[in-house]
Amino acid sequence: MSEPVVAEPDLPEEAEAEVVETGPDLSDDAELEAALESVLLVIDSPAGEKLLAEVFGQSVKRVTQTLKRMSARYTESGSGIDLRRIGDGWRFYTRDRYAPYVEKLLLDGQRAKLTRAALETLAVIAYRQPVTRARIAAVRGVNVDGVIRTLVARGLISEIGTDSDTGGILYRTTELFLERLGLSSLADLPPIAPLLPEVDAIDDV
Amino acid sequence: MSEPVVAEPDLPEEAEAEVVETGPDLSDDAELEAALESVLLVIDSPAGEKLLAEVFGQSVKRVTQTLKRMSARYTESGSGIDLRRIGDGWRFYTRDRYAPYVEKLLLDGQRAKLTRAALETLAVIAYRQPVTRARIAAVRGVNVDGVIRTLVARGLISEIGTDSDTGGILYRTTELFLERLGLSSLADLPPIAPLLPEVDAIDDV
Amino acid sequence: MTTPDATRREPAEPVPPGPAPARTEPARTEQAQVDPAQRADPADHGTSGRFKVKLTNFEGPFDLLLQLISAHTLDVTEVALHTVTDDFIAYIRAMGDAWDLDETTEFLVIAATLLDLKAARLLPQGDVEDEEDLALLEARDLLFARLLQYRAYKQVAALFGELEKGAQRRYPRSVALEPRYEGLLPEVMLGVTPKRFADIAAAVFRPKPPRTVSLTHLHVARVSVRDHVNVMRERLIAAGQLTFSELVADCEETLDVVARFLGLLELYRETVLAFDQPDPLGELVVRWIGDEDAPVVEFDEDEEYG
Chain H
1 MSEPVVAEPD LPEEAEAEVV ETGPDLSDDA ELEAALESVL LVIDSPAGEK LLAEVFGQSV
61 KRVTQTLKRM SARYTESGSG IDLRRIGDGW RFYTRDRYAP YVEKLLLDGQ RAKLTRAALE
121 TLAVIAYRQP VTRARIAAVR GVNVDGVIRT LVARGLISEI GTDSDTGGIL YRTTELFLER
181 LGLSSLADLP PIAPLLPEVD AIDDV
Chain V
206 MSEPVVAEPD LPEEAEAEVV ETGPDLSDDA ELEAALESVL LVIDSPAGEK LLAEVFGQSV
266 KRVTQTLKRM SARYTESGSG IDLRRIGDGW RFYTRDRYAP YVEKLLLDGQ RAKLTRAALE
326 TLAVIAYRQP VTRARIAAVR GVNVDGVIRT LVARGLISEI GTDSDTGGIL YRTTELFLER
386 LGLSSLADLP PIAPLLPEVD AIDDV
Chain A
411 MTTPDATRRE PAEPVPPGPA PARTEPARTE QAQVDPAQRA DPADHGTSGR FKVKLTNFEG
471 PFDLLLQLIS AHTLDVTEVA LHTVTDDFIA YIRAMGDAWD LDETTEFLVI AATLLDLKAA
531 RLLPQGDVED EEDLALLEAR DLLFARLLQY RAYKQVAALF GELEKGAQRR YPRSVALEPR
591 YEGLLPEVML GVTPKRFADI AAAVFRPKPP RTVSLTHLHV ARVSVRDHVN VMRERLIAAG
651 QLTFSELVAD CEETLDVVAR FLGLLELYRE TVLAFDQPDP LGELVVRWIG DEDAPVVEFD
711 EDEEYG
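If you read the sequences in order, they're chains H, V and A. Counting along the first sequence from 1, when you hit position 71 you're at 71 in my numbering, and nothing is skipped either side. If you want my numbering, it's the 1-based position in the second sequence plus 205. If you want my numbering, it's the 1-based position in the third sequence plus 410.
Hints are computed from structural coordinates only; laboratory data are not their basis. Careful, some of the hints might be misleading.
[To be verified] Here are the computed lysine-lysine pairs in the DSS-like style, where the Cα-Cα straight-line distance is at most 27 Å:
{"id": "1", "chain 1": "A", "residue 1": "K575", "chain 2": "V", "residue 2": "K273"}
{"id": "2", "chain 1": "V", "residue 1": "K266", "chain 2": "V", "residue 2": "K255"}
{"id": "3", "chain 1": "H", "residue 1": "K113", "chain 2": "V", "residue 2": "K255"}
Remember, predicted model here, so these are calculated numbers, not experimental data.
Let the sequences and hints guide you as you build the complete structure.
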């Protein structure tokens, strides 16, 4: 009667989680390749071999060799993922031959709506402008580089000079932002609730 | 092995340039998989089978089968890329065993967890939705106004009308809630009925 | 509610469960451990601290009950409810001034049921003699059902926490577009109203709460239930009847309100009071039905409510 009888859901990651205890063995080529795949999946701008070597505690030479091998493998197998070294680092790109489908998807509006992270970052900028990237990151508790780049690209925020103290770039919201929210000026932004801590509040998403 | 690559490596290399002219032949399984890989690389929220089927002009059934096959292949080969169906669609995730390396590169590595109050409130809403605040408070025995407000602001629950009897606002969980828990749908939750006492009177409280 | 007669109801011989929904039988051994007569023995108290159970954090009365039951390493049964009544009351008293009335209400409702059960010496196998017994049994079943219900959701909440933990180890791809596609994006949509946007901002800006509620203030304030009993006795004799609001109108601290409430239950046990509450959550009217010069029944508040 007192047993927590919640049926264990089918969680394949439980087994995998145990492997993490010991950590992947990166001296194994396949493991290093897989670890590189994970990291390459989330980076926003090209990552240099030196940075990646530091992340994995491997030599620059080995990481470089591994990246080249992976890139060749993706190409040979005709994967839709294209690993290329452009500028000063490596990044995943879509393979050229499938670009028409990517374009169709984007035109259909798959990325038209802002993500939650983008919305939260935009909220910080709207209510704290002008504000630096570091300040935004401090409020949200996360790295916001990619999101800020996206918001600039979408024309919702723009740079307006640098902070005199820190030298960081300052951001503000644009006319387009007001337009999209249906407001005529920043003064029309609803006041935000008093910033009292709440025991019930949940932490950052 | 860790390759997010198409299964059939016998794609004629020399023909590739010409294929681009006419476009990939998506009736070929390997081509469809590769095309899906390209598209999955650019989305920033889960993409449903229906949307993907439209983009490729293929049946929902075939696209769904292909995605499942790809996901299984990534997992079997130990790829660092994890293709999962979460919320209302498919998306690339990093494989969990490589989280430590991903977290080295991402500042938002250690993400905050939901508080117990938030989890308990979400539990009641997930199983009883649509449900009023009063009903949730009755189950938990505590006032839930603050936590409900925060969950709404965080996008984990949303309002969907009012209860016809009491006029209280009804709440339900959102796609973001499913994503947060890594679930594909509410149907993935274990049944709660076996845990509950069989007293109808509780609902009258 | 009519005048209770607590003395009439002696612990009955164990009989098969009454009209309560069939549940797991409480283990015999547990029942022996928690013999109410033993616990009421003053010799049990005194130097032995009553706060044997130290809880770090709880979310509401059901959570507290479950934690107390678990701390006594009991199964969740009606018997367990009996066992933890004293602890439960002790927590309410100690926490009194740290809560607002909103939070306290539900605790008081549950405390009242627990005390009713204890006062009536109603064992799980309670024999049904009259309507009053039946009402008490129903109250017990409802409380027990709500406790089990809460436990079910609490277990699910724990599962949610695990799922979240697993999901947090998988990072979704969410990167800026390759430059070649940047011109293709359709017009951006925020998808929220200004009000929602402000709510999101507020949620982001809100200071992160500490993970646990400090209980360092436990044991700080002590209020004498006896004093409150005496105050209320005088007032009720003078006025004949008063509402609960009137009785607590002069209380400055929540703890005092709690003490008055407990005091009322005490007077009720002396059978000098009657309660009227026409609607659930409606105004509680307290009527004096005792003798004006009735002898004051001495009681040891620690024994009963510690």
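Taking the hints in turn, this is what the structure says about them:
1. A:K575 with V:K273: With a Cα-Cα distance of about 24 Å, the restraint between K575 of chain A and K273 of chain V holds, given a limit of 27 Å.
2. V:K266 with V:K255: Since the Cα atoms of K266 of chain V and K255 of chain V sit roughly 9 Å apart, the hinted pair holds (cutoff 27 Å).
3. H:K113 with V:K255: holds (18 Å)
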